[in-house]
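Engineer: Top line first, the protein sequences correspond to chains A and B. Numbering follows the UniProt record's numbering, in which position 216 of the first sequence is assigned residue number 216; successive positions increment by one, without gaps. Numbering follows the UniProt record's numbering, in which position 133 of the second sequence is assigned residue number 133; successive positions increment by one, without gaps.
I should point out that these hints are in silico values taken from the structure, not numbers from a laboratory. Each residue gets a CB set at the ideal place from its N, CA and C atoms; glycine is no exception. Take these hints with a grain of salt, some might be off.
[As the list claims (entries may be wrong)] A few chain A residues that face chain B, going by a derived Cβ cut-off under 8 Å, partial list only:
{"no.": "1", "residue": "T85"}
{"no.": "2", "residue": "I86"}
{"no.": "3", "residue": "E93"}
{"no.": "4", "residue": "L142"}
{"no.": "5", "residue": "D149"}
{"no.": "6", "residue": "W151"}
{"no.": "7", "residue": "E170"}
{"no.": "8", "residue": "T249"}
Number of protein chains: 2
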Amino acid sequence: MTARWVLGVDSGGSGMRVALVDAAAPPDADAPPALVSTNPVRTGSDGIDAAHLLEQLLPMARSLLSTVGGESLAAVAIGAAGMATIGGHLRAELPAALRGALKVRRLALASDAVTAYAGALGQRPGVVVAAGTGLVALGTDLTNWRRADGWGHLLGDSGGGAWIGRTGLEAALRAYDGRRGGSTALLVAAESLFGAVEGLPAAIYPRADRPAVLASFAPHVARCAAEGDEVSAGILALAARHIADAAGTAYPAGATGRESDGYEVALTGGLLKLGDPLCVPLRAELSGQLPRVRQVSATGDPLAGSVLLASALSTDSLRLPQHSTLFQVSVLEEN
Amino acid sequence: MTARWVLGVDSGGSGMRVALVDAAAPPDADAPPALVSTNPVRTGSDGIDAAHLLEQLLPMARSLLSTVGGESLAAVAIGAAGMATIGGHLRAELPAALRGALKVRRLALASDAVTAYAGALGQRPGVVVAAGTGLVALGTDLTNWRRADGWGHLLGDSGGGAWIGRTGLEAALRAYDGRRGGSTALLVAAESLFGAVEGLPAAIYPRADRPAVLASFAPHVARCAAEGDEVSAGILALAARHIADAAGTAYPAGATGRESDGYEVALTGGLLKLGDPLCVPLRAELSGQLPRVRQVSATGDPLAGSVLLASALSTDSLRLPQHSTLFQVSVLEEN
């Protein structure tokens, strides 16, 4: 059987990862080799810069194809942070550009929440919470998508890394001032990470990556909670509740009865590294809000999700529903 | 009696205001005429730019002096946002520069919280909460200062305008998603102010004045609370509690018994414009936390506070305590 080369792409705040697999070969249990760029695609005032994305993607794709002697791509799936809200230029420019440059026959442009979903649950119905610095929940019954939160660190992302870190730093500064609700354990942790807290505003406000700086404090909140600090445990309990709220809201409409017995919920992303101080209350909250839904571990990451979507696209086995901004599929040339 | 010209300066995020008065004349009940610059003093990576401040201040001061035929200044008081944390260059450069350029004999360099205090309570002991976009509480027994909060919109300023606005927008988006704790009244208000909420992240995150944009939603939270929205009322009740926490923490140490019967607490700044939905729960919280302290209205604004401090400095009647960063007084030349 002829090789059917497909490309998966994951583009986000820390750069771009690209992987090539043969969709005609038996699935490989290991993650495929990936090329990585640590240069995040630029976002301008009118959205994600399509030319800057292509500038990085095309050489990586050509390099991967040349390694295997491939000449065209049966399918490409690109998952990008911001695709749904500021991906207009990608949707307008990538189909023709990729067909021209790489002979791509089918193209999927997906929100990174969709590739996170596909990485975590494949094409099965359920809910995936993608939680790292930010937090978004996405659910599907394979007919429609439902999204909850994902509004960013000033408007939501409740329970995500930046939220936990920010709430922990607030509690540290309450302790410093002597206001109610403070935690001296978090104050000590904040001083160990950032130095004297008088300098904290100057260390955080001028930075462009404020959400990531806030999120860098989240592991300290988890450690303080594990060591018995009640304020920290309270912050993680509230985070767990917010995360379960988002999961419950994104859960497919009408799928609350027996027909949802096979549905699954998975958490994916760096927030899981906080371990038991978050995961124990989160499991309890999820059991309370979604009692009939199985809690499972994510199978793979968003890059694995992109590869899976590209493979499904090339073999006519796509089951996840298309959507005008979350997940747009274009057939550029018949196979 | 010879006129004793003194200058008060208020420098902050919206620009600089400068007023000249004769400290030897009877106090005027009306606010003195002020010159205004709408060009905020620049802040560089190493703090507030002293040269840029002087560039604006000197022409305004000379213009005011020439109007009255004055030739030197008995005292100048400058209140500036950021003086305590990033005012190092101002403390290093302004004394010599102002002595040289304007024959200034005494100089006070104050945090804007200190000039807000002096504007609100004059030189009487107590606590002042300066609340607009941000929030800081400052108290004194005329021996020491105590500060609470004032950490900015990501780390604190709990109960201030940006905090109320952000919390209100979070509740609006909860309603949009269908998560718990949402308010449809706030969702309608957010859409009337910012348009379709799908565009809210793009309308807020790229802006440099994010705290002010968040604070612009606070009056809508107050209006929704006045119209019976329980989520909005809950946000303002929590804001009131945070504000009273800060006031209680900044309250002079040890002054909780009978000796504090004459002490006062005042709120100053734009947040008062939210009216009863905030002020009614705030009065109740303050009565609970500081039962022996009289709640009074602020007498004047931070510019009036600067003028009062400059006058006191020129007449040897300064009672507010000096402090290395909050309130530094220099005698440049004997009167």
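Engineer: Does the closest beta carbon of chain B sit nearer than 8 Å to the beta carbon of A/I86?
Structural biologist: At 7 Å from the nearest chain B Cβ, A/I86 passes the 8 Å test, so the hint holds.
Engineer: Under 8 Å, Cβ to Cβ, is where A/D149 needs to be relative to chain B, so tell me if that hint holds or is violated.
Structural biologist: 6 Å, holds
Engineer: Any CB of chain B closer than 8 Å to the CB of A/W151?
Structural biologist: Holds - the Cβ of A/W151 comes within 8 Å of chain B, reaching about 5 Å at its closest.
Engineer: Would you settle whether the hint for A/E170 is holds or violated, based on the nearest Cβ-Cβ distance to chain B being less than 8 Å?
Structural biologist: Result: holds, 6 Å to nearest chain B Cβ.
Engineer: Does the closest beta carbon of chain B sit nearer than 8 Å to the beta carbon of A/T249?
Structural biologist: 5 Å, holds
Engineer: Hint check: is the beta carbon of A/E93 less than 8 Å from a beta carbon of chain B?
Structural biologist: Since the shortest Cβ distance to chain B is 19 Å, the answer is violated.
Engineer: Can we keep the A/T85 interface hint, with Cβ of chain B closer than 8 Å?
Structural biologist: 6 Å, holds
Engineer: Does A/L142 hold up as a contact with chain B if the rule is Cβ-Cβ below 8 Å?
Structural biologist: 20 Å, violated
In summary, the numbered hints that this structure violates are 3 and 4.
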